[in-house]
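Protein chains in written order, with this note's numbering: chain L, 1 to 87; chain X, 1 to 87; chain H, 1 to 731; chain Y, 1 to 221.
Just to be clear, a hint being listed does not mean it is correct.
Stated by the list, open to error - Listed below are the simulated DSS-like cross-link pairs for lysine-lysine, each with C-alpha atoms no more than 27 Å apart in a straight line: (1) L:2 <-> X:2; (2) X:4 <-> L:2; (3) H:447 <-> H:404; (4) Y:221 <-> Y:78; (5) L:4 <-> X:2; (6) Y:221 <-> L:42; (7) X:4 <-> L:12; (8) Y:187 <-> Y:152; (9) X:2 <-> L:12; (10) X:12 <-> L:2; (11) L:42 <-> X:4; (12) X:42 <-> L:42.
Derived from the structure by calculation, the hints contain no laboratory data.
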Amino acid sequence: MKFKVLVEVDLKAAIADPAGATIERALPALGFENISQVRVGKAIRFSLDAANSEEARQIVQLVCDRLLANPVIEDTSIVVEPVQASD
Amino acid sequence: MKFKVLVEVDLKAAIADPAGATIERALPALGFENISQVRVGKAIRFSLDAANSEEARQIVQLVCDRLLANPVIEDTSIVVEPVQASD
Amino acid sequence: MTNAEPLHRVLGLTDEEAAKIESILGRRPNHLELAMYSVMWSEHCSYKSSKIHLRRLPSDGPHVLVGPGENAGVIDVGDGIAVAIRIESHNHPSAIEPYQGAATGVGGILRDIFTMGARPICLGDSLWFGSPDSPRARWITDGVISGISGYGNAVGVPTLCGETNFDSAYEGNPLVNVMCIGVLPTERLVLARATGTGNLAVLLGSTTGRDGIGGVSVLASAPLEDDDESAQKRPSVQVGDPFEEKRLIEACLELLDAGVVVGIQDLGGAGLTCATSETASRGGVGMDVDVSKVHLRQSGLEPFEVMISESQERMLAIITPDALNKLAEICNKWEVSYSVVGRVVPGNALRVTGPDGEVLAELPASSLADDAPVYNREIQVPAWYEARNFELGSRAPGVGDLGKEWLELMGLPGTGDKSWVYSQYDHQLFLNTVVGPGGDATVLKLKAPGLPKTDKGLAVSIDGNSRWCSLNPRLGAKLVVAESVLNLACAGATPKALVNCLNFGNPENPEVMWQLSETVDGLAEICNALKLPVVGGNVSLYNQSGTTDIPPTPVVATVGLINKLTHRPPGIGLVEGSTLYLLGNYDANVSGSRWAIDLHDYRGGALSEISLPAFSALAELVISLVRQRLVVSIHDISDGGMVTALSEMAIAGGVGFSIGGIQDSAELFSEGPGRVLIGILPQSSQSVVRMAGDLAVPVRELGYCEGDRLAIGGLMNISLGSVAEIWTRPS
Amino acid sequence: MQISVGVVVFPGSNCEYDVCEALELVGAIPRLVWHNESNLGDVRGLVIPGGFAHGDYLRPGAIAKFSRVMEAVIKFAKDGRPVLGICNGFQILTEAGLLPGALQKNAGLRFICRPELVSISTRDCVITSELAVGSMLSLPINHFEGNYTCDKATLDELLQDDRVVMRYEHNPNGSIDSIAAIANQSKNVVGMMPHPERACDDLLGSTHGLPIFRSLLEAAK
Ligand SMILES: Nc1ncnc2c1ncn2[C@@H]1O[C@H](COP(=O)(O)OP(=O)(O)O)[C@@H](O)[C@H]1O
Ligand SMILES: [Mg+2]
Chain L
1 MKFKVLVEVD
11 LKAAIADPAG
21 ATIERALPAL
31 GFENISQVRV
41 GKAIRFSLDA
51 ANSEEARQIV
61 QLVCDRLLAN
71 PVIEDTSIVV
81 EPVQASD
Chain X
1 MKFKVLVEVD
11 LKAAIADPAG
21 ATIERALPAL
31 GFENISQVRV
41 GKAIRFSLDA
51 ANSEEARQIV
61 QLVCDRLLAN
71 PVIEDTSIVV
81 EPVQASD
Chain H
1 MTNAEPLHRV
11 LGLTDEEAAK
21 IESILGRRPN
31 HLELAMYSVM
41 WSEHCSYKSS
51 KIHLRRLPSD
61 GPHVLVGPGE
71 NAGVIDVGDG
81 IAVAIRIESH
91 NHPSAIEPYQ
101 GAATGVGGIL
111 RDIFTMGARP
121 ICLGDSLWFG
131 SPDSPRARWI
141 TDGVISGISG
151 YGNAVGVPTL
161 CGETNFDSAY
171 EGNPLVNVMC
181 IGVLPTERLV
191 LARATGTGNL
201 AVLLGSTTGR
211 DGIGGVSVLA
221 SAPLEDDDES
231 AQKRPSVQVG
241 DPFEEKRLIE
251 ACLELLDAGV
261 VVGIQDLGGA
271 GLTCATSETA
281 SRGGVGMDVD
291 VSKVHLRQSG
301 LEPFEVMISE
311 SQERMLAIIT
321 PDALNKLAEI
331 CNKWEVSYSV
341 VGRVVPGNAL
351 RVTGPDGEVL
361 AELPASSLAD
371 DAPVYNREIQ
381 VPAWYEARNF
391 ELGSRAPGVG
401 DLGKEWLELM
411 GLPGTGDKSW
421 VYSQYDHQLF
431 LNTVVGPGGD
441 ATVLKLKAPG
451 LPKTDKGLAV
461 SIDGNSRWCS
471 LNPRLGAKLV
481 VAESVLNLAC
491 AGATPKALVN
501 CLNFGNPENP
511 EVMWQLSETV
521 DGLAEICNAL
531 KLPVVGGNVS
541 LYNQSGTTDI
551 PPTPVVATVG
561 LINKLTHRPP
571 GIGLVEGSTL
581 YLLGNYDANV
591 SGSRWAIDLH
601 DYRGGALSEI
611 SLPAFSALAE
621 LVISLVRQRL
631 VVSIHDISDG
641 GMVTALSEMA
651 IAGGVGFSIG
661 GIQDSAELFS
671 EGPGRVLIGI
681 LPQSSQSVVR
691 MAGDLAVPVR
701 ELGYCEGDRL
711 AIGGLMNISL
721 GSVAEIWTRP
731 S
Chain Y
1 MQISVGVVVF
11 PGSNCEYDVC
21 EALELVGAIP
31 RLVWHNESNL
41 GDVRGLVIPG
51 GFAHGDYLRP
61 GAIAKFSRVM
71 EAVIKFAKDG
81 RPVLGICNGF
91 QILTEAGLLP
101 GALQKNAGLR
111 FICRPELVSI
121 STRDCVITSE
131 LAVGSMLSLP
141 INHFEGNYTC
151 DKATLDELLQ
161 DDRVVMRYEH
171 NPNGSIDSIA
181 AIANQSKNVV
191 GMMPHPERAC
201 DDLLGSTHGL
211 PIFRSLLEAA
221 K
């Protein structure tokens with residue numbers, strides 16, 4: 001079975017995010033006053049072949065732990081969706 | 001009203017994604033054979049104050065166009081959610 | 001796009017050009033063939049508007065190994081070492097996607113260098129942005145600088161020199177010129193030629209995708225337009241991959257060292273069409289190219305897309321069939337993909353075939369590469385120039401409160417400290433950087449893995465000045481070269497070669513063609529006088545915002561040789577206890593100066609003429625003084641005049657001065673050519689004065705370097721701290 | 001006796017020849033070790049040089065840590081042999097778990113290349129035995145991701161065990177406690193963001209990096 005995967009990698013809440021802070025600083029000059037708590041993470045998308053949803057999730061979790069995120073500073077969230085035959 | 005916003009910024013499909021391609025090349029050596037079409041984008045999250053959902057979406061679209069993405073090479077997708085009082 | 005528009009016009013070809021193609025082929029071209037002509041005959045690739053002018057530039061010299069026309073110029077510097085140099089613009093891509101536009105500019109210039117067999121050791125950049133007050137210009141500025149930083153640092157080539165300019169004239173159309181220098185053992189020199197019937201054409205590097213289709217014909221050879229329709233037509237800018245390029249550099253140099261390659265050429269503008277037709281045409285052979293063999297990023301590309309795609313980080317190597325195994329081994333080691341896409345055949349035809357061997361296009365290779373039309377476009381001298389005012393003294397503004405104007409000038413973004421730019425660039429990699437950015441010329445050791453050992457060193461400088469060139473393109477160009485050469489001299493280096501990038505507006509405007517023609521004549525005049533060969537260049541036209549052409553902006557990069565680089569050159573910093581002298585003539589002409597234009601909006605007057613014999617004598621004197629270690633500090637006077645030079649010297653040395661001997665305030669702001677400030681210790685003064693006398697160079701004692709104030713007779717007395725503070729303040 | 005010191009090269013490394021040059025200056029025999037070698041041969045010390053291994057894509061060091069050579073490097077480190085990671089090498093050592101913490105983007109979100117003053121915080125590690133505690137060196141930095149980050153417990157442990165090796169005088173990148181270099185528990189593995197190899201030649205302006213390589217060579221003996 002084919003799956004579409006989205007892994008979002010974000011800095012842990014306790015870690016300062018210079019990229020988010022930079023965007024936040026730039027916003028008022030562009031006329032946006034009401035935006036706060038900007039955080040910049042990564043959105044990693046890929047296709048995966050696996051026997052079933054369960055296996056797919058396990059594989060993705062493993063890829064996250066081993067490669068996609070650094071657990072010292074980052075958290076991940078995972079979305080795994082089967083690809084419809086018609087896709 | 002308060003809104004939680006997620007903007008995903010991805011390189012357009014026709015554009016090369018060196019980070020995605022490099023990760024994809026590295027995966028087999030880590031024992032992951034069944035992963036393909038890796039693309040790395042940005043996931044930008046922030047809070048926003050706006051009168052209503054409609055206005056919120058408009059503001060976010062403007063922020064995307066003016067600051068977060070360059071339509072010459074990037075596509076954006078937007079999720080805007082009202083924050084429940086209990087949040 | 002309207003349906004009625006014929007295809008050739010959509011592709012950017014004129015009706016006459018389409019007719020010429022038909023007569024070359026003796027039939028109507030098909031879509032693929034037309035697409036191939038359209039990219040190769042674009043302004044960017046064919047130089048059709050500038051060719052007849054560029055021929056006037058001197059390009060010969062006993063040490064010139066490769067002149068203009070190849071991917072890079074190459075000179076012999078002795079000891080078995082050759083130096084390759086090249087400059088190129090990436091203006092329009094940087095206007096619409098600053099980071100990637102600049103990054104891919106760096107990628108492209110590097111390929112031009114290592115395709116010659118040279119290892120790139122030095123990058124440089126000449127940047128022209130709109131005013132820092134404009135948000136759009138800021139966005140471009142930040143993007144371009146981080147793009148150069150992001151690509152250059154990651155690919156592992158230091159960025160060692162450059163210039164950063166701000167002027168609202170570049171608001172919508174910034175200039176991003178990048179320069180690269182490479183070094184090679186002389187015997188490794190290779191040319192981009194295909195020879196040997198039966199040899200293979202191998203495409204190395206990145207996959208080919210749909211990005212940058214027609215970049216040279218639509219993006220680089222037409223004005224940028226801001227309406228929505230053209231935004232849709234705009235081809236996407238490419239994304240650069242410095243990691244791919246790094247592996248490509250190592251793989252290609254190893255292929256060359258292994259003697260595997262007969263000829264090699266990078267894929268830049270016009271992609272595979274350019275690389276195949278140019279290598280075949282130069283080698284006087286034909287080539288069969290099978291588009292179905294090209295390794296693709298996505299499926300379903302049309303043959304014309306494959307042939308003109310400008311996907312980055314690709315090279316075309318011509319090898320003998322028995323070398324394929326060795327090539328595979330080296331490519332595998334560096335994880336570089338490759339595919340055999342073509343073969344060298346007898347004749348002169350470039351033939352493109354599909355998966356079943358069907359012929360998709362067949363045309364004379366040389367007609368793509370060499371038969372593009374050459375235009376002698378109309379030239380018109382502007383009326384204001386005919387009426388220009390040589391007697392400016394009466395009209396130029398007077399200097400008011402000197403201290404106040406001094407500080408104002410030093411606070412302009414163009415004058416200010418540029419370390420915020422170059423500290424974002426790796427400028428120490430390879431342990432060659434004796435003098436990095438921040439002084440006059442960059443000075444580096446001539447050293448790289450595999451290069452014969454030598455004591456020699458290189459000096460490099462990049463310079464442009466649109467204020468001078470607007471006032472008088474011919475004289476402005478001469479002054480720009482003079483400044484560049486004087487920068488080298490301040491490092492004790494003899495100039496050896498020059499490359500230029502001619503950034504101009506719309507060539508269909510006769511006054512722009514006048515600027516271009518005058519510029520070329522100015523460059524030719526001074527290069528002939530200095531026996532300085534122009535070994536390469538690049539022309540970027542259609543630089544305009546709306547209908548306004550940018551000011552004429554020729555940019556030159558010069559490279560000089562230091563025969564024995566065993567000591568650090570003196571540098572610009574003042575030394576406590578030394579005496580300041582001025583070398584060169586009195587000149588109080590403020591026309592075209594930063595002070596006149598940026599502070600007083602006075603754009604009239606005429607530049608001071610430069611006497612080439614006197615200039616040569618000055619340069620010779622400066623080189624001798626530095627080589628004989630008679631000066632402890634040295635700085636030429638150019639952009640921003642003596643005010644800027646003196647301030648930079650004081651700040652760099654952390655020492656003030658107390659001087660006299662200045663004839664009037666205007667002399668301080670003048671950017672008149674051929675003046676150099678030197679600091680000398682008492683024991684050297686006699687020799688210096690004598691040597692200056694021998695070469696008939698005027699020399700004037702100004703005063704002492706001491707304390708923490710900048711004091712000029714009764715004219716001014718300000719604190720060094722206040723100047724340093726305003727100069728380093730971020731703009 | 002001539003000591004050979006390995007310099008590990010990943011695709012995308014770029015300071016390997018510079019480090020070799022510095023090692024030669026102090027009398028070591030440098031040997032380049034390719035990322036997919038599994039045998040370190042007779043090397044007595046290791047340097048993981050700076051650069052952009054695997055383009056720094058995803059995160060610096062994220063992909064490099066899986067190279068075949070890293071198993072050998074980890075074993076070499078566990079055996080107590082001296083290992084120095086410089087810049088990208090430091091990032092790789094943290095990703096590989098040989099050093100704690102992580103290197104995040106600079107607080108100013110800009111690449112920084114310039115000399116910085118650093119003070120030596122300990123002599124008890126393989127790169128500072130020839131230096132005095134409190135001595136100041138001017139060493140070039142050259143990084144985008146040099147902002148050392150770790151949790152409170154890790155920092156306490158580093159301080160407790162005297163494992164902070166160098167601190168910046170003027171914190172350029174937001175590093176916690178101005179940390180520029182740290183050591184592992186056994187003090188044989190050190191990661192540092194500054195580039196000592198860039199400060200080994202008077203002609204280039206400084207020789208402050210030499211004692212670091214001398215100390216490393218001493219430890220390799
Ligand atoms: N964009 C840049 N990239 C690299 N170095 C730069 C850049 N801009 C300025 N510099 C450096 O700053 C110094 C001052 O620049 P500039 O005033 O143009 O020098 P000069 O007038 O002597 O040619 C030079 O050493 C130059 O190399
Ligand atoms: Mg100068």
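Practice task
State the violated hints by number, sorted upward, taking the hints as numbered earlier in the document.
Solution key: Hints 1, 2, 3, 5 and 6 contradicted; others consistent.
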